[in-house]
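Top to bottom, those sequences are chains Y and X. The first sequence begins at 4 in my numbering and counts up one residue at a time. The second sequence begins at 19 in my numbering and counts up one residue at a time.
The set of hints was computed from the structure by calculation and includes no laboratory data. None of these values were measured; they are calculated from a predicted model. Where a beta carbon is used, it is the ideal one built from N, C-alpha and C, also for glycine. Hints are not guaranteed to be accurate.
What the hints assert, rightly or not - To give an idea of the chain X side of the interface with chain Y (calculated C-beta under 10 angstroms), a few residues:
hint: 1; residue: Leu27
hint: 2; residue: Phe35
hint: 3; residue: Ala65
hint: 4; residue: Gly285
hint: 5; residue: Val303
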Amino acid sequence: MIRSHGKLTLIAAAVVCIAILMAIFAPLVSPYDPLKQDLSSLLASPGPTHLLGTDNVGRDVLARVIWGSRVSLIAGSVSVAIAVVAGCFLGLIAGYSGGRLDDVVMRVMDAVLSFPALVLALALGAVLGAGLSGVLITLGVVYTPTFARLMRGQVLTIRTREYIDAARLLGAPDWHILQRHVLPNAAAPIVVQASLSVAFAILAEASLSFLGLGIQPPEPSWGSMINAGRGYLQQAPWIVFGPGAALFLTVLSLNFVGDAVRDALDPRLRVRVRRLEIK
Amino acid sequence: MGPLILRRLVATLPVLFLVSLGVFLLIHLVPGDPVEAMLGESQDEVAKTTLRQELGFDQPLYIQYLSWSGRLLRGDLGRSVRTHAPVLEDVSRRLRPTLELTIFAMCISLGIAFPVGIISATRRNSVFDNVGTAFALFGICMPNFLLALLLIFVFGVRLHWLPISSFVDPLEDPVNGVRSLALPAITLGLALAAVITRTLRSSLLETLTEDYVRTARAKGLVESAVLRSHALKNAMIPVITVLGLQFGTLIGGAVITEYVFALPGVGRLVVDAVFSRDYPLVQGVVLLIACGFIASNLVVDIVYGWLDPRIRYSA
Numbered sequence: 004m005i006r007s008h009g010k011l012t013l014i015a016a017a018v019v020c021i022a023i024l025m026a027i028f029a030p031l032v033s034p035y036d037p038l039k040q041d042l043s044s045l046l047a048s049p050g051p052t053h054l055l056g057t058d059n060v061g062r063d064v065l066a067r068v069i070w071g072s073r074v075s076l077i078a079g080s081v082s083v084a085i086a087v088v089a090g091c092f093l094g095l096i097a098g099y100s101g102g103r104l105d106d107v108v109m110r111v112m113d114a115v116l117s118f119p120a121l122v123l124a125l126a127l128g129a130v131l132g133a134g135l136s137g138v139l140i141t142l143g144v145v146y147t148p149t150f151a152r153l154m155r156g157q158v159l160t161i162r163t164r165e166y167i168d169a170a171r172l173l174g175a176p177d178w179h180i181l182q183r184h185v186l187p188n189a190a191a192p193i194v195v196q197a198s199l200s201v202a203f204a205i206l207a208e209a210s211l212s213f214l215g216l217g218i219q220p221p222e223p224s225w226g227s228m229i230n231a232g233r234g235y236l237q238q239a240p241w242i243v244f245g246p247g248a249a250l251f252l253t254v255l256s257l258n259f260v261g262d263a264v265r266d267a268l269d270p271r272l273r274v275r276v277r278r279l280e281i282k
Numbered sequence: 019m020g021p022l023i024l025r026r027l028v029a030t031l032p033v034l035f036l037v038s039l040g041v042f043l044l045i046h047l048v049p050g051d052p053v054e055a056m057l058g059e060s061q062d063e064v065a066k067t068t069l070r071q072e073l074g075f076d077q078p079l080y081i082q083y084l085s086w087s088g089r090l091l092r093g094d095l096g097r098s099v100r101t102h103a104p105v106l107e108d109v110s111r112r113l114r115p116t117l118e119l120t121i122f123a124m125c126i127s128l129g130i131a132f133p134v135g136i137i138s139a140t141r142r143n144s145v146f147d148n149v150g151t152a153f154a155l156f157g158i159c160m161p162n163f164l165l166a167l168l169l170i171f172v173f174g175v176r177l178h179w180l181p182i183s184s185f186v187d188p189l190e191d192p193v194n195g196v197r198s199l200a201l202p203a204i205t206l207g208l209a210l211a212a213v214i215t216r217t218l219r220s221s222l223l224e225t226l227t228e229d230y231v232r233t234a235r236a237k238g239l240v241e242s243a244v245l246r247s248h249a250l251k252n253a254m255i256p257v258i259t260v261l262g263l264q265f266g267t268l269i270g271g272a273v274i275t276e277y278v279f280a281l282p283g284v285g286r287l288v289v290d291a292v293f294s295r296d297y298p299l300v301q302g303v304v305l306l307i308a309c310g311f312i313a314s315n316l317v318v319d320i321v322y323g324w325l326d327p328r329i330r331y332s333a
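With the rest of the complex left out, here is chain Y (with noise of 0.2 angstroms):
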């Protein structure tokens, strides 16, 4: 449905880019510390000296914004490929196996889904604790099941394939088929979807950190700027609604990437596409 008009994908990959290079080199485009306190601007409106206004202890905005595209980055891009590893490694043996293996492992896989993907978060967060490291476990539990049944029905349909067979009677042991043949195979519809679940991912870390469960002040995170703003919002709403610009730009942008990645690996689905077009 979201149709990857060029231009637009070009702004949203440009926007994706900017936040990245915004996260790498932090300590070099930020115009101020992100925890110094400036008493003597306390909430200070936007203006020349502070682009997006000062919080209530006098931190620069803009600053706190730019280092916490680090944390939501890193929870974004780290959550995933902890899932993306885990879910991959599950699914490969579940589907190459068969058999009781595989019935334990997406039935384990089932009951993880059971769980409304927030609620299982806080649950493993209030056992794991706030901070960064719990935020990357958490949410990569939450996401494996994902990869792992993605993975699982790849699998089930390539060692039916002919080539896997050939490889069979060649001799070649199981290791080498899944390392050589199966993987490369299955791995674009992987690549599509670990492209829209980081968008997700930093949406669900920014969820965490506004409930208190995610990276805890004074370190900023968007999440956590944007809670701590709420009490403010009558007479600076800045605080908020800076990190919430960021946070809901840098999500909308990786959306439409994580669209023209699925184009351009998804071959069936631009067929389908184009046939709609054409209709």
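Following the hints, complete the assembly by docking chain X onto the known chain Y.
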């Protein structure tokens, strides 16, 4: 329908067992001693020993699980460490505001999604379609808590049209009740509306290209009748799937919405239980929510069979 329902019910049993096992083990994942974590700074050894015995921590793990699941089957979800009230009592007290909020949100989302989705699909590539597409994208990418604060800022702080953090039960005072739930329900409903709009539009677009729709048009049926009698009914299957799956999103959204608007619902209860490290309460509420999610997926599966005879017979 009988074999389909039976098959789905049997398939649910191992998942229910694994969910209960996962929720039971949750408390054992706490680093260190969970009793120390729950009682915090309290140095009272007697209280710690009593709680340890109450939770059965002095017994082997499998005995703990068997007695915990036995209590579950008798409807005993345990007691809150803080209030000592039964978990089920806490949840049932908080259920009404959450149900009212989710029903209100669902009405808003369906009220928006159906007209927008149908117009977007039938007037493809028009201005309406582009606005509908942009709305869907906005709703999906907008975090719940940010939308809530945006609505509070505009309608509560600037315009003073709606209350921002008081809960009035709509069944007791309908006017003020609806006013108090308006902003939370819009917050929760908009994201759902976006997902349903997106699904309905793409499903209807596919259906409108089917041969039976062309035949209906060729027979001279007016477009509204084609849409109502042929296209829309067949386009509903993916929409119902999404509606079932969105139960989880609604509950997750309710957690944040109730937190922002200070509503006394189940979502708020989870957050409070997490922060007070009341693990038996977390376990009980999470288990109930997961069972609700499993039940909603079961209902969706059964509705599939009712809507599409092919699914019924393949079961």
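Hints, verified against the model:
no.: 1; hint: Leu27; in the structure: violated, 14 angstroms
no.: 2; hint: Phe35; in the structure: holds, 8 angstroms
no.: 3; hint: Ala65; in the structure: violated, 21 angstroms
no.: 4; hint: Gly285; in the structure: holds, 9 angstroms
no.: 5; hint: Val303; in the structure: holds, 8 angstroms
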